[in-house]
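**Student:** Could you put the whole structure together from the sequences, leaning on the hints where they help?
First to last, the protein sequences are chains A and B.
Residue numbers for the first sequence follow our numbering, beginning at 1 and rising by one.
Residue numbers for the second sequence follow our numbering, beginning at 1 and rising by one.
No lab work stands behind these hints: they were computed from the structure.
From a predicted model like this one, the values you see are computed outputs, not experimental measurements.
Every residue gets a Cβ at the ideal spot worked out from N, C-alpha and C, and that includes glycine.
All clues stand as given, with none of them false.
30 Å max Cα-Cα, derived BS3-like pairs, lysine-lysine:
| no. | chain 1 | residue 1 | chain 2 | residue 2 |
| --- | --- | --- | --- | --- |
| 1 | A | Lys92 | A | Lys21 |
| 2 | A | Lys15 | B | Lys129 |
| 3 | B | Lys178 | B | Lys126 |
| 4 | B | Lys129 | A | Lys21 |
| 5 | B | Lys61 | B | Lys178 |
| 6 | B | Lys126 | B | Lys189 |
| 7 | A | Lys15 | B | Lys126 |
| 8 | A | Lys15 | A | Lys92 |
| 9 | A | Lys77 | A | Lys21 |
Here are a few chain A residues that sit away from chain B, every Cβ distance over 10 Å (derived from the structure):
| no. | residue |
| --- | --- |
| 10 | Arg13 |
| 11 | His20 |
| 12 | Ala31 |
| 13 | Glu47 |
| 14 | Gly48 |
| 15 | Ile51 |
| 16 | Val54 |
| 17 | Ala61 |
| 18 | Pro64 |
| 19 | Asp76 |
| 20 | Tyr79 |
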Amino acid sequence: MQHNWPLWEIFIRSKQGLDHKHVGSLHAADAEMAIENARDVYTRRMEGVSIWVVESKYVHASNPDDAGAFYDPANDKVYRHPTFYDLPDELKHM
Amino acid sequence: MSSIDYTLHLADNALILGHRNSEWTGHGPILEQDIALSNIALDLIGQARYLYQYAARQTGKPEVTEDSLAFLRDAWDYRNCLLVEQANGDWGKTILRQFFFSAYQFFFYERLQHSTDNELAAIAEKSLKEVTYHLRWSSEWTIRLGDGTEESNRRMRAAMDQLWKFTGELFIPASYEKIAAAVDLSSIKPLWEERVSEVLLQARLEKPAAGWGQTGGKEGRHTEELGYLLAEMQFLQRAYPGNEW
Chain A
1 MQHNWPLWEI
11 FIRSKQGLDH
21 KHVGSLHAAD
31 AEMAIENARD
41 VYTRRMEGVS
51 IWVVESKYVH
61 ASNPDDAGAF
71 YDPANDKVYR
81 HPTFYDLPDE
91 LKHM
Chain B
1 MSSIDYTLHL
11 ADNALILGHR
21 NSEWTGHGPI
31 LEQDIALSNI
41 ALDLIGQARY
51 LYQYAARQTG
61 KPEVTEDSLA
71 FLRDAWDYRN
81 CLLVEQANGD
91 WGKTILRQFF
101 FSAYQFFFYE
111 RLQHSTDNEL
121 AAIAEKSLKE
131 VTYHLRWSSE
141 WTIRLGDGTE
151 ESNRRMRAAM
161 DQLWKFTGEL
171 FIPASYEKIA
181 AAVDLSSIKP
191 LWEERVSEVL
201 LQARLEKPAA
211 GWGQTGGKEG
221 RHTEELGYLL
231 AEMQFLQRAY
241 PGNEW
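**Tutor:** So, in structure tokens, the structure goes:
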């Protein structure tokens with residue numbers, strides 16, 4: 001049975017106003033069961049107020065082999081960070 | 001004030017079904033459902049604890065505690081209905097037993113939260129949210145298995161044959177259920193029948209004709225199953241009285 005049920009990626013919103021975060025994956029026969037399984041597996045210690053489930057096969061990931069071409073070029077582009085502005089003293093948490 | 005027997009009856013229902021479900025822990029058909037049923041077991045045992053604590057206070061005897069009520073009474077003192085003590089069988093039988101009982105407990109607690117007994121009303125109100133989920137979960141599984149494969153449908157029909165005869169007892173009031181604080185069982189019977197019919201229809205399972213039903217559990221006359229359950233559940237306190245860990 002276990003091998004027939006597809007894998008689902010689970011996203012939980014921990015409280016109103018925050019975004020859904022990936023928390024893990026689980027097996028379920030369909031979306032409805034995936035939501036209930038997520039409720040039972042990932043929210044039993046009050047971790048969340050909302051659940052998203054996405055069947056894992058619909059998640060497309062970048063290839064680790066592309067890491068060099070993808071991410072290294074950003075290394076020396078420090079001017080992309082908005083750190084060259086003079087901020088007023090009143091702004092504390094930037 | 002309600003009678004102690006009435007409180008014990010509610011507590012025993014919750015504890016015995018909770019214990020039955022806990023027997024699945026580590027043996028569920030799939031990890032996720034193992035956790036789901038263990039959660040339900042914990043919900044029920046939690047309800048049982050509140051009820052036993054209240055029953056212990058009702059006795060007025062300091063030596064009576066939730067633990068002594070759960071672990072030191074014998075089968076004839078237990079007031080649970082026969083349905084909840086039935087052995088787990090396969091996953092289908094466990095699901096159907098849960099569905100029949102959750103449908104009952106849902107409508108029961110809905111009424112009990114308006115009981116003249118404030119303690120019972122508060123416990124019912126708190127437990128109702130849990131039971132709402134148990135009913136949803138067990139309804140979906142009943143439909144999934146009944147309307148599933150030939151094999152799963154066959155197993156659900158077998159479970160129906162074994163369990164249906166214990167459902168009538170839920171609505172036959174025992175002597176201690178004729179108190180003012182008690183839920184009027186005749187008022188929830190049609191609600192239960194309607195909900196069960198709806199789900200069985202979707203599950204492509206035939207509802208058996210009303211017929212002979214087994215009774216006696218609420219008055220302490222149990223099936224053989226309960227003795228084995230208590231032997232396992234109570235072993236430690238019987239062998240090592242007062243032991244804590």
